[in-house]
Amino acid sequence: MEVMLSVLVGVLVAAAVYLMLARNVLRFLFGLILISNAANLTIFTSGRVTEAAPPLIPEGAEAPVGLVANALPQALVLTAIVIGFGLFAFALVLAFRAYDALGTLDSDEMRVAEPVEDTK
Amino acid sequence: MNSIILLAGTRLLVALLLVFSVFMLLRGHNTPGGGFIGGLIGATGFVVYAIACGTEQARQALRVPPENVAMVGLGIGLFAGVMAAFFGDAFFVGQWLFIGATETEKGLPLSSVLVFDIGVYLVVLGSILTLTFALEEGAD
Amino acid sequence: MAGHSEVADKGPWARPAGLLPPVLAAALFVLFLGMVPEIADEQVLRWAWDWVPSLGIAITFLVDGLSLTFALLITGIGSLVFLYSSKYLQGHPHFARFMLFIVMFMLSMLGLVLADNLLTLFVFWELTTITSYLLIGFDHSTAKGRRSALQALLLTGTGGLALLAGFILIGNVAGTFELSEIRAQGGVLIESALYLPILILVLAGTFTKSAQFPLHFWLPNAMAAPTPVSAYLHSATMVKAGVYLMARMHPNLGGTDVWLWVLTIAGAVTAVFASIMALKQTDLKQSLAYTTLMALGTLTLFLAADVGYAITAVMTFLVVHSLYKAALFLVVGIIDHSTGTRHVNELGGLARAMPITAVAAGVAALSMAGLPPFIGFIGKEIKYAGALAVGSEPAFVAAAVLVSNALMLAVAGIVSFSPFWRRKHLAEPLNPHEAPWQMLAGPIILAALGALFGIYPELLARSLVNPGVAAILGPDVTPAALKLWAGFNLPLVLSLVTFALGWLFYYYRRGLRTWLIGLGERLPVFDNGWDNVLDGLKALAAWQTRLVQGGLLRRYLFITFATFLVAVAGTIWLKAGPMPALEWPVLQVQHWVVIAIVVAGALLTLTTSSRIAAIAGLGAVGIGVALIFIIFGAPDVAITQLLVETLVVVLFAVAALKLPQLDPDGTKRHRPLDAALAVSIGIGVTVVMLMVTDGPIDRRLTDYFEVTSWPEAFGRNIVNVILVDFRALDTFGEIAVVAIAALSAFALLKGRKA
Numbered sequence: 755m756e757v758m759l760s761v762l763v764g765v766l767v768a769a770a771v772y773l774m775l776a777r778n779v780l781r782f783l784f785g786l787i788l789i790s791n792a793a794n795l796t797i798f799t800s801g802r803v804t805e806a807a808p809p810l811i812p813e814g815a816e817a818p819v820g821l822v823a824n825a826l827p828q829a830l831v832l833t834a835i836v837i838g839f840g841l842f843a844f845a846l847v848l849a850f851r852a853y854d855a856l857g858t859l860d861s862d863e864m865r866v867a868e869p870v871e872d873t874k
Numbered sequence: 664m665n666s667i668i669l670l671a672g673t674r675l676l677v678a679l680l681l682v683f684s685v686f687m688l689l690r691g692h693n694t695p696g697g698g699f700i701g702g703l704i705g706a707t708g709f710v711v712y713a714i715a716c717g718t719e720q721a722r723q724a725l726r727v728p729p730e731n732v733a734m735v736g737l738g739i740g741l742f743a744g745v746m747a748a749f750f751g752d753a754f755f756v757g758q759w760l761f762i763g764a765t766e767t768e769k770g771l772p773l774s775s776v777l778v779f780d781i782g783v784y785l786v787v788l789g790s791i792l793t794l795t796f797a798l799e800e801g802a803d
Numbered sequence: 007m008a009g010h011s012e013v014a015d016k017g018p019w020a021r022p023a024g025l026l027p028p029v030l031a032a033a034l035f036v037l038f039l040g041m042v043p044e045i046a047d048e049q050v051l052r053w054a055w056d057w058v059p060s061l062g063i064a065i066t067f068l069v070d071g072l073s074l075t076f077a078l079l080i081t082g083i084g085s086l087v088f089l090y091s092s093k094y095l096q097g098h099p100h101f102a103r104f105m106l107f108i109v110m111f112m113l114s115m116l117g118l119v120l121a122d123n124l125l126t127l128f129v130f131w132e133l134t135t136i137t138s139y140l141l142i143g144f145d146h147s148t149a150k151g152r153r154s155a156l157q158a159l160l161l162t163g164t165g166g167l168a169l170l171a172g173f174i175l176i177g178n179v180a181g182t183f184e185l186s187e188i189r190a191q192g193g194v195l196i197e198s199a200l201y202l203p204i205l206i207l208v209l210a211g212t213f214t215k216s217a218q219f220p221l222h223f224w225l226p227n228a229m230a231a232p233t234p235v236s237a238y239l240h241s242a243t244m245v246k247a248g249v250y251l252m253a254r255m256h257p258n259l260g261g262t263d264v265w266l267w268v269l270t271i272a273g274a275v276t277a278v279f280a281s282i283m284a285l286k287q288t289d290l291k292q293s294l295a296y297t298t299l300m301a302l303g304t305l306t307l308f309l310a311a312d313v314g315y316a317i318t319a320v321m322t323f324l325v326v327h328s329l330y331k332a333a334l335f336l337v338v339g340i341i342d343h344s345t346g347t348r349h350v351n352e353l354g355g356l357a358r359a360m361p362i363t364a365v366a367a368g369v370a371a372l373s374m375a376g377l378p379p380f381i382g383f384i385g386k387e388i389k390y391a392g393a394l395a396v397g398s399e400p401a402f403v404a405a406a407v408l409v410s411n412a413l414m415l416a417v418a419g420i421v422s423f424s425p426f427w428r429r430k431h432l433a434e435p436l437n438p439h440e441a442p443w444q445m446l447a448g449p450i451i452l453a454a455l456g457a458l459f460g461i462y463p464e465l466l467a468r469s470l471v472n473p474g475v476a477a478i479l480g481p482d483v484t485p486a487a488l489k490l491w492a493g494f495n496l497p498l499v500l501s502l503v504t505f506a507l508g509w510l511f512y513y514y515r516r517g518l519r520t521w522l523i524g525l526g527e528r529l530p531v532f533d534n535g536w537d538n539v540l541d542g543l544k545a546l547a548a549w550q551t552r553l554v555q556g557g558l559l560r561r562y563l564f565i566t567f568a569t570f571l572v573a574v575a576g577t578i579w580l581k582a583g584p585m586p587a588l589e590w591p592v593l594q595v596q597h598w599v600v601i602a603i604v605v606a607g608a609l610l611t612l613t614t615s616s617r618i619a620a621i622a623g624l625g626a627v628g629i630g631v632a633l634i635f636i637i638f639g640a641p642d643v644a645i646t647q648l649l650v651e652t653l654v655v656v657l658f659a660v661a662a663l664k665l666p667q668l669d670p671d672g673t674k675r676h677r678p679l680d681a682a683l684a685v686s687i688g689i690g691v692t693v694v695m696l697m698v699t700d701g702p703i704d705r706r707l708t709d710y711f712e713v714t715s716w717p718e719a720f721g722r723n724i725v726n727v728i729l730v731d732f733r734a735l736d737t738f739g740e741i742a743v744v745a746i747a748a749l750s751a752f753a754l755l756k757g758r759k760a
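Protein chains in written order, with the working numbering: chain A, 755 to 874; chain B, 664 to 803; chain C, 7 to 760.
Certain hints may be false.
Said to hold, decoys possible - EDC-like mimics (lysine to aspartate or glutamate), calculated; alpha carbons at most 20 angstroms apart, straight line:
id : chain 1 : residue 1 : chain 2 : residue 2
1  : C       : K756      : A       : D854
2  : C       : K756      : B       : D752
3  : C       : K664      : B       : D752
4  : C       : K544      : A       : E868
5  : C       : K756      : B       : E719
6  : C       : K664      : A       : D860
7  : C       : K489      : C       : E527
8  : C       : K286      : C       : E527
9  : C       : K93       : C       : D145
10 : C       : K150      : C       : D289
11 : C       : K150      : C       : D541
12 : C       : K93       : C       : E440
13 : C       : K581      : C       : D700
14 : C       : K150      : C       : D342
15 : C       : K664      : A       : E868
16 : C       : K286      : C       : E352
17 : C       : K286      : C       : D533
18 : C       : K93       : C       : D342
No lab work stands behind these hints, which were simulated from the structure alone.
Model the full structure from these sequences, guided by the hints.
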């Protein structure tokens, strides 16, 4: 199953990189969401995947019974999802503010910090 | 968004979502759930409310500014960690109190871990609402 | 800053604060003076503290004849210079700052000469570079001051880096950074295969610091500093640091042909070139600056050899030069302070108004000129004796010394005879006045010492010169005796020739100067070469910036991703084993559904020009990923993913729809290059993941969490237990990040109305 997920992550990363290289900041944000998803899947896959039971300990038992999924990457991914959301939301607000201030979403036209004449 | 159905359903839905979020928070230690999920569900409830009735209404329903909720949550989380120090343990070592415990039953478990999870719940809820409300108000 | 120190200067503490540095330096001088008897007995004092024990770095200090000589010069001349400065710069708005810098400089210099550990030595070496930068650039409101300071910093700093590399090599070869231990190992460095690189790197450091030709040009420029700084930098400190290090490394690196010839040639060229340049100058201070170069060249020249005479000459001349050079610089400072000019043609007849200064200057100059009965004479005699004893080319060395000594005599006349005793009809009348005692103390004491040591050379020989020679060459070598009258021998003949030649140079100085200035205009100037180097460096930086930092976000990202690709692909290429055999799993319906949802969602986002469609596509991907989490036993993660995905869509719907269309001009660009990069990175990530998942997995942590989750942490949901108990501190950090992101976004949005 890792093979399937690896290929899927590759597809997501490729799409994300292409979007992030676009001039429109919104497309960059789309790419950001995709690449967060891909990263989460990567962490998840690296813990090995099986169609096993969730990592829960049944009543009366001291440890999980039978085969259960790897709990460690799940914990990592769970926080990563929330953090990724925080990052995305902040980036969205930034883009929103940039549009408000500069009147464009085209990153090529956002030259306040590095004006064109500076580079000559 | 002035759908009457949405408006009517929202109040019920929001109440349900909030109760559900607390339920998810409390049961999280033994079954799927926990502070992150609970906080997200609670936030979703308020976001739906804000979409239906406007952020002004949602803010009133929340009563406290969401950024304060997040900060209080962070404080509670920190307190849960510091609590261990009162019992002579290292930072963030879980402290447990079993009310009505017997030989076979553990009774009602209360712990600093639960306190910490409540902190997580509040931070997630408050942060998301801070963002969403600000964005919606800013976009108007 | 400026206002602060002005207030400080006018405060009640101004006077005691001004006297503190000379008192401190004098106290240190007395302390070191107390060590003289022990050192004269050829003992060695050593102190050590561990600094970074794991790397074998210790702070160790060692006092032997060589370091004690330097320490006495540094603190002794230091106390006189500080005393002088307290009057010279009195009322200067940055007086306190100046005193701070120069005291820091003195302490760094002391650390440098006392350090026994190479790395400690290096730290102090760099400290002298930095503090001298601050001192040279003290007058930072002028472009010249800033340029000179930067030049000194860059040149000596570059040399310092080379030196560090050399020290690290030495540490590797010898297995220790302690100089005394390296020395105990004998010829370990010379026999090593790395000898030549070590020598080149160390000499690069010492030649820049001691301003050897052709890296000399920063030193005359450093005259931009206030005169007390020049007096201090040129006599006992800074430039002597290079000489000190060469002397210190002499037992470890010296004695080879390379050492002999490199030092001989560099020293001889520097000495002769500098004395000619000194004659050319019309500014008294510049003239003295070039004579410093000459002295450094001579010292280097003699350090090339390893016979007792030559090293005795080094130690003697070191002291001699420090005494008269500090005195003369201080005299020039007095002249400048008193008349407002340092130009040789604008000065004359000052002796009447400034008799004490005139006498002190005359005595110091006689020592510089090498006339008996001053120590300068003995220094010169011993130099000739040393030159005739060297193993390279005695005639060549002696000739170089002869020419530079003769020129030195002429310069001594120009600097201290002509301004005071020659009567001139000056275009502008001068109103000179005698300097206060604080400023006179330095020249008088230093000049008097020159005379004292000349009459009683044994005093100097027993206390400093002989232990110094022993420190460099070992106790077996007998140093040459210092005598005023050594009999009628070849050195004496050479001395007489020097007097005659020097007098000729002095007499015909104007003609020579005109001729030299004419000649100089036709020769390349190193100083301009320096400017060209700097301009080239700036142009390179600008070109490089244009190339990789064009200000376009997508280009930055492209470079970042391309670097990532190269790094990943390169690592796979170099390090990874063969590609694992691919086994495409048997897929069931739910797998196909997930794949279809994710791929379709990604493609939709990729291709559409509609914002709604793109957001829908993202939602599809998110739900597909959530389904994967459900299928593979991660309900907590799946719920979180679903909720977050919902919120992402809501936020996007709120914000993005208020933003313009994705392609406002209606055409969607196709970017084949970006596409190629994206596909390559996708493939690279897939390959890495396949290789990683093919290998074994370390389940120790997971196993630990599984068996302890219930018995120790009382939780049946292992994921949640990890989050809020086992790894609670991490989680705390993460929620803090989320809260901070929310607050910053809040500030961004709410701040715009204000």
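Hint check:
Note on K756(C) and D854(A): the hinted pairing holds, with a Cα-Cα distance of about 12 angstroms set against a maximum of 20 angstroms. With a CA separation close to 42 angstroms, the supplied pair K756(C) and D752(B) exceeds the 20 angstroms bound. Between K664(C) and D752(B) the alpha-carbon distance is near 52 angstroms, which puts this suggested pair outside the 20 angstroms criterion. Between K544(C) and E868(A) the alpha-carbon distance is near 18 angstroms, which keeps this suggested pair within the 20 angstroms criterion.
At roughly 15 angstroms between alpha-carbon atoms, K756(C) and E719(B) fall within 20 angstroms of each other, so this suggested pair holds. A threshold of 20 angstroms between alpha carbons decides the hint, and for K664(C) with D860(A) the separation of about 15 angstroms falls inside it, so the pair holds. For a cut-off of 20 angstroms, the pair hint linking K489(C) to E527(C) is broken: about 44 angstroms separates their Cα positions. Distance hint between K286(C) and E527(C) is fulfilled; the C-alpha atoms sit about 12 angstroms from each other, no more than 20 angstroms.
A threshold of 20 angstroms between alpha carbons decides the hint, and for K93(C) with D145(C) the separation of about 17 angstroms falls inside it, so the pair holds. Between K150(C) and D289(C), the direct Cα distance comes to roughly 16 angstroms. Compliance with the 20 angstroms bound is thereby established for this hinted pair. Restraint check: the Cα-Cα separation between K150(C) and D541(C) comes to about 16 angstroms, which is no more than 20 angstroms; the hinted pair holds. A C-alpha spacing of about 13 angstroms is found between K93(C) and E440(C), which places the hinted pair at or below 20 angstroms, so the restraint holds.
A distance of roughly 15 angstroms separates the Cα atoms of K581(C) and D700(C); the hinted pair therefore holds under the 20 angstroms criterion. Note on K150(C) and D342(C): the hinted pairing holds, with a Cα-Cα distance of about 19 angstroms set against a maximum of 20 angstroms. At roughly 27 angstroms between alpha-carbon atoms, K664(C) and E868(A) are farther apart than 20 angstroms, so this suggested pair is violated. For the suggested pair K286(C) and E352(C), the alpha carbons sit about 16 angstroms apart, so the restraint of at most 20 angstroms is met.
Distance restraint check for K286(C) and D533(C): the Cα-Cα separation of roughly 16 angstroms lies within the 20 angstroms cut-off, and the hinted pair is therefore satisfied. Between K93(C) and D342(C) the CA atoms are separated by roughly 14 angstroms; this keeps the pair inside 20 angstroms, and the hint holds.
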